[in-house]
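*Asks:* Fit chains B and C to the known structure of chain A by using the hints.
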Amino acid sequence: MSRKLVPYFLLIPTLLIIGLFIYYPAVLTLKNSLYRVSPFGNRVFFVGAKNFEALLHSPSYQQEAWTTLIFVAVSITLGLIISLLFSLVLNEKVPGVGIFRTIVFSPYAVSPAIAGMLWSFLLNPVVGYVSYAFLKMFGVQSHWLTTYPSALIAIIIATIWQNLGFNIIFFLSGLQGIPDSYYEAAKIDGAGSVRRFFSITLPLLSPITFYLAIMDIIFTMFSSFGIIDIMTQGGPGNSTTTFIYRLYRDGFIYFNSGMASAESMILILIMGVVTFIYFKFVQRVVHYR
Amino acid sequence: MKKSTKKKLRVVIIEVLLVVIALIVLLPILLALSMSLKSPGEVFSFPPTLLPHKLYFQNYIEVFKKVNMGRFLLNSLIIASIITVGKTIFGIFAGFAFANFKFKGSNLLFAILFMTLFMPAELLLVVPLFNLMRIFHWVNTYWALTVPFLASATSTFLMRQHFMTIPKDLEDAARIDGATSMKFLFHILIPISKSMIGAVAAINFVYAWNLYLWPLVVTNSNDMKTVQIGLKMLMSNQSNNNWGIIMAGTLIALAPTLLLFFFVQKLFVKGLASSGLKE
Amino acid sequence: MWRKLVVLSLAVVFLMSFAIAAPITIHFWHAMNGPLGEMVQKLVTEFNKTHPNIIVKADYAGSYSETLSKTIAAVKGGNPPDIVQIYDIGTQMMKDSGVIVPIQKFIDEDKTFDVNTLVPQVRGYYTIGGKLYSMPFNSSNPVIYYNKTLFKKAGLDPNNPPTTWEEFEKVARKLTIKKDGKTIQYGFTSGLIGWFFEQYMAVQNALMFNNGNGRIKRATKAVFDSPAGLRIFNFWNNMIQEGIMINGGPGWDNANAIFASQKAAMLLDSTSDVGMMLQQAKEGHFELGVMALPHPADVPYGGVIIGGASLWMINTHNPAKEQAAWTFLKWLEQTPQQVQWSEGTGYFPINKNAITKMMYQGFYAKYPQYLTTVFQLLMSNVTYATRGGVCGVFPKVRATIEEALSKVFNHTMTPAQALKWAQDQANEAIEQYNSLYQ
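Chains as they are written, first to last, in my numbering: chain A, 718 to 1006; chain B, 11 to 289; chain C, 13 to 450.
With the rest of the complex left out, here is chain A (with noise of 0.2 Å):
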């Protein structure tokens, strides 16, 4: 076989996969949005832009796009800072360390549904541990759940949780590849450790932050619903939900599949421009050796 062939053979079950897989249904759904289309699908009426335009007048929906930004920009600040921090105590060489790594890998383990289910019990207004421990320690009656903004701080608090393991993998790698005698040469120079965390470590980590954050990007737009579904089907008010709860409501609780179609195409543009002003502009700022 000629050289020259080897990498589209290579590359034909992939292509071949997600062709059939993902862009002809994806084209379908591009059909589907220019219609309004009756639950068993028995009506369809060609209506063109009319779904894309309800959507983009609907005061709800501009509201859902200010709760997905939040929502999304909170999640990914807080959970990479907070997984870092993490990451730097799971990098001492100290006993037992692997066993406690593997302690933090497992949330990521765990499907949206039952991270969902489980932090819905421990917010339980009542009889839940965490609202409990807020009334022993700061006679607080907590209502996690049915109050603004607090609600969308539980489902916060629920996505940077299930998504912690997967950061601190990634951080714990590329902690691992800094070469100790980067840290050796700026303590002869008398960096403290601070010092040394911001010039050295965190630099050396871009990259890796840099691919954390669009796969946290991807992760809080399209994998949440699970966890919003159970822990506040939106609410209070429409104050939970995020354009992929939306969606699915759309699609699988109220039946309506032309206007979830239209939705979809909306979110796949946004992400395509997100992922295009990343890669343009922040990647640059990004350190490679």
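Since the hints were derived computationally from the structure, they do not count as laboratory data. By construction, the Cβ of each residue, glycine as well, lies at the ideal position given by its N, Cα and C atoms. Just to be clear, a hint being listed does not mean it is correct.
[As the list claims (entries may be wrong)] Footprint (simulated), chain A over chain C, 3 or more residues, beta carbon under 8 Å:
no., region
1, 54-68
2, 194-204
3, 420-433
[Claimed, not checked] Footprint (simulated), chain A over chain B, 3 or more residues, beta carbon under 8 Å:
no., region
4, 17-26
5, 65-75
6, 78-86
7, 229-236
*Replies:* Frame of chain A, contents of chains B and C only:
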């Protein structure tokens, strides 16, 4: 303070921090464990008890009595294994193609693949994908449960990044020795990338193990259902659940992935450390 | 010649017996999990044992909305089940789906089936324009569970529960215990569930939709923004703001946990839970009471609406299959099966004779809590209001009302504003849905 005492103190502080972190992270899972060992009467006692008064293992037995959990575990294991193997192998192939070859359209093809990350596939595809399964006569088979997930941008991307860090001289040397590209891949590249492959495989396994919506839609009989559906079968749609049993089920569903993590943990860190992401 | 004929006819009979004996397989998708799912499987197994010509394959298809999603995907893919369990609020969607056979067709043809055995309140729900569309199956309505032990502690008579909203509020206040400004026991709790709003409308005999709640003609407008609706919003909101009721939030689990741990003395919940409730009370060492849904004192009483789900027959264009499916549906409705189902699950029987039978056998004497649930239903008037609303976008209407209520509880809207907002949202959705069927 002497240097050695200082060092010892540092270790103690770190160990304490580790315990605190572990407790915070594990809290929800510990809650599940504790509830799974409580008798139905104790689940809702107030104030909430941290530890069960008396260990009640009956819940775990009930899980297997109530639903065919054994079969569901087997199905999930089969499905997740096939997906893991397929996704990892195809990821290696595609990653190798993108990292080690210059070819026409490589940027375009990579972009096409990368774009799939931005599609809410889980929700977007259910109905159109079901139609395809019907055309292929795959409804209620392992085919439907595995084939659509055999390739992904994530595995390809991670493998590509990893392969790009491997010195070009290695391939040139192999070629001078007369090895074809495929020989180089199988005899040199894959063996030296074991840890990375292990890490990617573990990520893929977790993904496959936790699939819920698609298996629910595409299976029609009990002997094809997966652990995640089995877990749902233990719960009631309305209130009044026997939480002890549900939590026992949750832990049974979690156990395989946790065990997997325990065994590949070392591999994991090493593997990703060698990926191109670190630099 | 004769011999040939005999051989031939024997052969024909032989072949025909094969054709007859070849069992027909019926795929039945249901949404019953937990103990309910076990019960469905038990009934199906029994049916298969007693009907050698028919094999019913029961399959758990997820929650109610997941079952509907799965059915839609299967219908679009050309691979639907023969019988599917669809929740109450999916009735109009199924009616409009174009893929179902109304079971009225079989009732008209089959003289062995007496439709009058169906409990009128149940039959009323699934009958639209004089046609029974689906076979009622798991039916429930809401009741208030209360903790008799806490009633006694508060100096209340546990055997004289409130019957009006006014009394209810007073009792809830008495059952609330505050210490240092913190509530340590609430009078009342409930999940934030739109179904309860519909029930409170029905006890006031008020409509959710126009055109006879969508039963005379397709509903074109929501009408729940009425004095009756506003009264419900105020009733709930006042109790929450006063701190005598705690909002359990979306879903059933949280409110239930609060009640089970005896931190609230009364719980609004479904009758289908009565069995599990009794068990929880036993394990938590308190005495459980069940009261009928209270109603405002100055409004003529309507009744409660049944909730739950019914069994729909999908049009397979195969008469033999449809007959087999009908045989199964008919069998499920019969007294012995209904008694078994009701005693095992807490859903009440849909067959009058089953209720009578359970009474004679002493079941209701032994478990008076079950009696309340059935009693409340049978005491309900059968009106358009209590037969429940029918609307193609009911899931959305229900969710919108939940959203509106939570906005009121969080002070983002006044009850009047929220109600109007919810109705506007509902009207918009109804108009869009209806435009598909003009």
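*Asks:* Going through the earlier hints one by one, which of them does the structure break, listed in rising order?
*Replies:* 1, 5, 6, 7
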